[in-house]
Amino acid sequence: MPQTADRLNKEQRAAVEYTGSPLLVIAGAGTGKTKVIVHKIAYLIDNIGVNPDNILSVTFTNKAAWEMKSRLKNLVGERADGVWMGTFHSICLRILRRETHKTVLKRGFGVIDQDDRLSALRTVVKELNIDSKKYSPKQYMWLISSFKNTMEYVEGEEPEEFIYRFPEVFKAYQQYLSFANLVDFDDMLALVIRIFQENDEVLTFYKNIFRYIMVDEYQDTNYIQFFFLKLLSGEYGNICVVGDDDQSIYGWRGAEIRNILDFEKHFFDVKIIKLTENYRSSPNILFTANTLIANNNYRKGKNLSPVIDKMGNIMVKECHDEQDESIFVINEIERMLDQGIPFSEIAILYRTNAQSRAFEVELNKRGIPYKVIGGISFYSRREIKDLLAYLKLSDNPYDIDSLKRSAKNPPKGIGNVIIQRIIDYATGNGTDLISAAKEIASVSKGKTAANLKFYTDILDDMQQYENIADKIKVILNGSSYGNYLKQFEEQNDANKRINNIDELINAAAIFDESYEESDLSEFLSTTTLTTSTDESAGDSVSLMTLHSAKGLEFDSVFLTGLEEGLFPLFRSMDNEWELEEERRLCYVGITRAKSNLVFTYTNTRMVYGKRQFCRPSMFLDELEINDNDEQEADISSTESYEKKLKANTRVFHSKYGEGIVLNVKGVGDKVKADVFFQSSGLKKMLAESLEIF
DNA sequence: CGCACGAGAATTTTT
DNA sequence: TTCTCGTGCG
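Taking this note's numbering, the leading residue of the first sequence gets 28, the next gets one more, and so forth.
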């Protein structure tokens with residue numbers, strides 16, 4: 028994110044130039060952590076003479092990686108391309124593709140996405156005659172994911188019976204993956220670590236490549252990711268991790284906040300640098316954020332101090348229901364637009380995806396451009412998945428799910444019975460599914476034979492073309508996909524889907540252009556690794572969950588649905604640990620805002636189509652807000668300090684040193700001020716103990 | 001085989 | 001409220 032000054036401050040510079048031993052940078056929100064990483068990489072290349080190929084930089088999202096790369100390009104030019112940048116998953120996938128022969132996978136293996144993973148488990152659960160009402164496929168999926176993130180799995184052990192018949196389900200699921208030649212998200216890391224542990228020479232090879240390792244958002248790494256890093260870097264290695272314990276919001280997904288809290292114990296000779304100067308938010312917004320997070324116990328403890336001295340606006344608004352809330356929010360947005368704030372600088376944040384709907388309705392009504400980030404990602408839209416299924420099957424002819432999907436959509440007279448016959452034939456004879464389909468076609472007669480031939484002809488035609496964009500066109504023509512949409516969808520929906528398809532063809536064409544030879548596997552894994560949060564809002568208002576907002580910043584932020592049970596979410600309210608995570612989530616939301624921050628809550632809200640009554644969130648009680656108007660009134664009614672002491676005055680205290688005044692309250696000799704000290708953060712002070720600079 | 005209809009579940013958050 | 005899944009009919 029762009030910053031006011033391009034110069035590095037003292038701490039930032041120290042972090043950039045330190046290379047002696049493992050380095051932990053505790054970087055609060057808006058303190059320029061991306062800047063530090065980018066400058067550090069540039070420093071390594073330009074000043075230390077490190078080869079870009081020897082630098083690994085791990086980010087939390089693909090988008091963050093792209094942004095980082097483009098910023099790095101501004102500093103070091105084309106040499107930036109050499110640096111390994113990406114998420115843990117994308118980096119590991121790259122390694123896995125190179126080292127496929129060290130695993131049981133076949134070349135050109137595919138990546139199974141979350142949706143397909145769930146449907147695979149549905150099939151498994153059904154085949155094992157497990158009552159899916161009692162033990163849902165989702166539960167199994169969740170447990171499989173957790174298990175795959177343990178060392179037991181990495182080391183090849185069998186799981187225990189965590190829930191009913193878990194080992195059986197696990198085994199059947201693994202067999203499915205193995206036949207279909209697929210890996211899931213968790214396997215990407217686990218299998219790479221397994222390769223490293225079983226093959227010393229491979230580990231040595233990669234240790235030699237990744238001589239300098241940089242990790243962003245370290246507070247959200249899990250144990251297995253930590254293990255991966257430690258294997259590559261060793262205890263003394265050139266590893267630099269950047270993170271903020273107050274922004275750890277993925278505990279539910281297995282993130283270990285202890286990775287950052289115990290960094291000094293995991294590595295030797297650790298150097299720690301804290302960044303606490305915030306370049307993003309106005310002082311009162313920071314003050315609010317600091318007062319809220321101070322309610323947490325499990326933290327290292329720090330306060331952010333403002334660099335910007337212009338006060339912002341903070342508002343809390345009570346609304347009747349979610350419609351009222353959306354009307355209020357959009358009214359405010361229109362006001363902001365009038366003030367010249369661009370669409371892209373406005374965000375509506377919420378706890379759950381379901382909350383976006385009311386806002387979307389209202390935004391549509393007023394014709395304000397917006398983009399919902401998160402929710403359903405581009406690549407999981409039905410029409411896109413349908414087309415990708417053909418590509419996936421042709422790339423990996425063992426992929427059962429893609430066979431099912433492509434054979435059925437659009438409908439072409441191939442139903443479950445025939446599909447099952449194909450699968451049985453393939454498993455029975457050890458052939459791939461496409462050959463099996465052709466085989467079945469040749470022994471069938473009449474309609475069935477013709478239908479199957481129609482289907483396999485499309486797959487054969489695709490082989491004639493090298494470019495992925497061309498292959499997609501073959502699918503579209505061959506299956507009359509456009510007609511299929513027009514036939515079964517409303518005009519409007521059909522058009523939207525056709526637009527999406529055009530967009531897919533575009534993406535494929537761009538991919539075709541940028542690679543010497545189009546690698547279908549590579550393209551397809553990009554599509555599964557690219558998640559909804561990687562899409563950018565462009566010139567429109569952003570709507571997203573608080574989780575998706577991590578790492579972003581906006582001039583104006585609406586934090587909506589601040590109600591007990593919704594935020595904090597009901598399930599976390601009786602658990603101190605989870606409640607603190609909710610509070611951190613709120614903290615993340617607040618610190619996204621540069622100058623306008625609006626909280627809203629409603630009295631009633633529709634849940635599952637039932638109206639429910641709501642109480643304001645406890646977070647609203649915990650945080651403190653500096654009201655500008657009130658402050659001015661106070662200042663005019665006091666006598667001795669008020670004239671000199673007001674917001675943004677720089678002051679000095681005998682014990683705490685230099686600080687900045689956030690607000691002033693009280694009268695006469697009881698004048699009190701909230702002051703940010705550089706050394707120790709926010710304090711409430713009697714005005715008479717302060718000296719004015 | 002494919003569609004239409006009805007019952008029942010679903011909401012945390014995502015690489 | 002909205003989506004998904006299963007069932008039964010043409």
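To be clear, the hints were calculated from the coordinates, so they are not data collected in a lab.
On a predicted model such as this, the values are computed, not experimentally measured, just so you know.
There could be a bad hint or two in this list.
Across the chosen pairs, the derived CB separations fall in these ranges [stated by the list, open to error]:
(1) R362 - D546: 46 to 54 angstroms
(2) S97 - K710: 34 to 42 angstroms
(3) L596 - D529: 32 to 40 angstroms
(4) G457 - S172: 40 to 48 angstroms
Where is the CB? At the ideal position from N, CA and C, for every residue including glycine.
### Query
For this structure, which hints from the list above don't hold up?
4
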